[in-house]
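*Asks:* Protein sequences appear in the order of chains D and U. Residues in the first sequence are numbered consecutively from 1, following our numbering. Residues in the second sequence are numbered consecutively from 1, following our numbering.
Watch out, some of these pointers could steer you wrong.
Claimed, not checked - Restraint ranges, calculated between C-beta atoms of paired labels, are given here:
#1 A77(U) <-> G130(D): 56 to 62 Å
#2 S276(D) <-> P56(U): 18 to 24 Å
#3 L230(D) <-> A52(U): 24 to 30 Å
#4 K436(D) <-> V24(U): 34 to 40 Å
To be verified - Here are the simulated EDC-like cross-link-like pairs (lysine to aspartate or glutamate), alpha carbons at most 20 Å apart as the crow flies:
#5 K500(D) <-> D73(U)
#6 K20(U) <-> D521(D)
#7 K161(D) <-> E249(D)
Keep in mind the hints are simulated off the structure, nothing from the lab. As the structure is a prediction and not an experimental result, all values here were calculated from the model. Ideal placement from N, C-alpha and C gives every residue a C-beta, glycine not left out.
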Amino acid sequence: MNAPTRVWDSLQRNRAERLARAQTALGGDLAGKALPAARIADLLHAVLECGDRVCIEGNNQKQADFLAGALSRLDAARINNLHMLQSVLALPEHLDVFERGVASKLDFSFSGPQAGRVARLASAGKLNIGAIHTYLELFGRYFIDLPPRVSLVAAEAADRKGNIYTGPNTEDTPVIVEATSFKNGIVIVQVNQIMDQLPRIDIPGDWVDFVVESPTPYYIEPLFTRDPALISEIQVLMAMMAIKGIYAEYEIQRLNHGIGFDTAAIELLLPTYAESLGLRGKIGTNWALNPHPALIPAIEAGFVESIHSFGSELGMENYIRARPDVFAVGPDGSMRSNRAYCQAAGHYACDMFIGSTLQIDLQGNSSTATLGRIAGFGGAPNMGADARGRRHASPAWLKAGRQARAGTSAIPRGQKLVVQMVETFREHMQPAFVEKLDAWELAEQAKMAIPPVMIYGDDVTHILTEEGIANLLLCRTAEEREQAIRGVAGYTPVGLARDKRMVENLRDRGIIQRAEDLGIDKRLATRDLLAAKNMKDLVRASGGLYDPPKRFRNW
Amino acid sequence: METLNYRFEQGSRKLAAEPKIVGVVSSGNLEVLIESATLDGACEIVIQTAAAGFGPIWQAVMHDFQQRWQLSDTRIAINDMGATPAVVSLRLDQAVETMLGGAS
Chain D
1 MNAPTRVWDS
11 LQRNRAERLA
21 RAQTALGGDL
31 AGKALPAARI
41 ADLLHAVLEC
51 GDRVCIEGNN
61 QKQADFLAGA
71 LSRLDAARIN
81 NLHMLQSVLA
91 LPEHLDVFER
101 GVASKLDFSF
111 SGPQAGRVAR
121 LASAGKLNIG
131 AIHTYLELFG
141 RYFIDLPPRV
151 SLVAAEAADR
161 KGNIYTGPNT
171 EDTPVIVEAT
181 SFKNGIVIVQ
191 VNQIMDQLPR
201 IDIPGDWVDF
211 VVESPTPYYI
221 EPLFTRDPAL
231 ISEIQVLMAM
241 MAIKGIYAEY
251 EIQRLNHGIG
261 FDTAAIELLL
271 PTYAESLGLR
281 GKIGTNWALN
291 PHPALIPAIE
301 AGFVESIHSF
311 GSELGMENYI
321 RARPDVFAVG
331 PDGSMRSNRA
341 YCQAAGHYAC
351 DMFIGSTLQI
361 DLQGNSSTAT
371 LGRIAGFGGA
381 PNMGADARGR
391 RHASPAWLKA
401 GRQARAGTSA
411 IPRGQKLVVQ
421 MVETFREHMQ
431 PAFVEKLDAW
441 ELAEQAKMAI
451 PPVMIYGDDV
461 THILTEEGIA
471 NLLLCRTAEE
481 REQAIRGVAG
491 YTPVGLARDK
501 RMVENLRDRG
511 IIQRAEDLGI
521 DKRLATRDLL
531 AAKNMKDLVR
541 ASGGLYDPPK
551 RFRNW
Chain U
1 METLNYRFEQ
11 GSRKLAAEPK
21 IVGVVSSGNL
31 EVLIESATLD
41 GACEIVIQTA
51 AAGFGPIWQA
61 VMHDFQQRWQ
71 LSDTRIAIND
81 MGATPAVVSL
91 RLDQAVETML
101 GGAS
């Protein structure tokens, strides 16, 4: 009996068939790899096959919105059951494909703005969620078990050979294109313009199959811009505690900040409060961070040596160009970001992650999941987790490791600092501390295998609220840990149920520290301490180089 | 609108005679007037709050405040527009620290 002859090049053959169909469909309308925007539906109908895994560049910043729109309007009788892969669901079109039956399955990371609709479509059976990932995890699967057959990405410009200039918002584009191209998939790029000569080549043309100039520039969300005018005095107080009680205490030089006003307040206190403590050059020197406008005053004050970014930030382009020692820029002078590399860098090369959350339970598990919304994770879990593969030492990493292991016979190693910063009450007096996370009920509703936890309690080293800092590294028992959390939970039911004597004991041992224990003068906790009090101050601090998006131009 | 009254006896710390107003009456904020008054060593606090139903939390916040400062012969009037306990505590502490003076 002869074994059937195995075909070893089915992917290559299939790719050739798709390209041939595209050639037939577009004919003379193809100029090199460039096609007119009006022919996009014909191209997609030609290259797609039912059931394809399709990766669409929905990042948390730039969006392949023209391609998303075209995909959502395809004839579902011809193209259906697509399996969508995308790091972020940001646009209505990302869900229209499910509503219209073009796609049926989804693997993703984050769906912030569309979280409610994701939950509704999932419960209506129109959208089958494979899994919710962190960014690196999803990118990893693009190379292992989920290589895209077709990818739809966005960039600043292309030439007719398909060479791509991504511009400062490189973001996910390189990782998507590489995963697709080298598994013989098809790469289609929407660009703002087709040029004869690109400023620089971010992705070589032979990894790209088609480029299309979109009728309007791709949509981009200024996700990391925070107006200093909205920072509260409580956030100033918490930022003072963070700087004195954690940054100075551990000599944090390499770090990542989450999104939000809590960490924006810290950025704006570096040139004022941290400077007054003599911390310039000692903390906050090297960052894995998007170009936060709120960091401009600290950069100008000489706090910051370097920043590597996941993406860029709208309006920061000229400022970045003028500070090439600080940011990563190409030979053309504009920035190149990279979400995959920066996530890896944030995980392995940073000593601390500090970010906000919505709910914390008694074990310190932290979640942003709320009922009726499937919002996902994004990148915070990659930053907010101890890097157990890390082997190089730094003072901060060693000190955290020593504190966690003091009095035990465990072999010495370091630990990443993972700080959750949260006011005890959110808006409408919703307590941030809870006995049980909403994530449990959401998991049940959405039939998830496990509750969607953003940062696991055993990775969290410090919880910082307006009431103080709980150092979980120093807790020796589960009971101590619970009381340390209750001890900074303020007047929430969880906080009011504390064992007062035990909390005072934890305070005596330095496991809980109040502002007064840290020698912080609360009279200074006013907005006067912010290095910029509004958007105009940020523009001024940048020497006029920062150009905020219209919605932030409130002067 | 709800009015809450608290009186804590036998404080040990007197404040300067000069009254002090801190904060502003705006959403999520509050205005605090602190003045010294002859009250037999007690500290009296009267709260006008726009958010009804938070009596137990106010009670706990005021109790902890008095634990920290042990004020005597002091009258405090609070005009609250839905401030969180965090804002209330910070405002009160700032007001007392300012009245007690000392290097900032």
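*Asks:* Hints first: check each against the structure and report whether it holds.
*Replies:* Okay, the hints, checked on the actual structure:
no.	hint	in the structure
1	A77(U) <-> G130(D): 56 to 62 Å	59 Å, holds
2	S276(D) <-> P56(U): 18 to 24 Å	39 Å, violated
3	L230(D) <-> A52(U): 24 to 30 Å	27 Å, holds
4	K436(D) <-> V24(U): 34 to 40 Å	37 Å, holds
5	K500(D) <-> D73(U)	28 Å, violated
6	K20(U) <-> D521(D)	18 Å, holds
7	K161(D) <-> E249(D)	54 Å, violated
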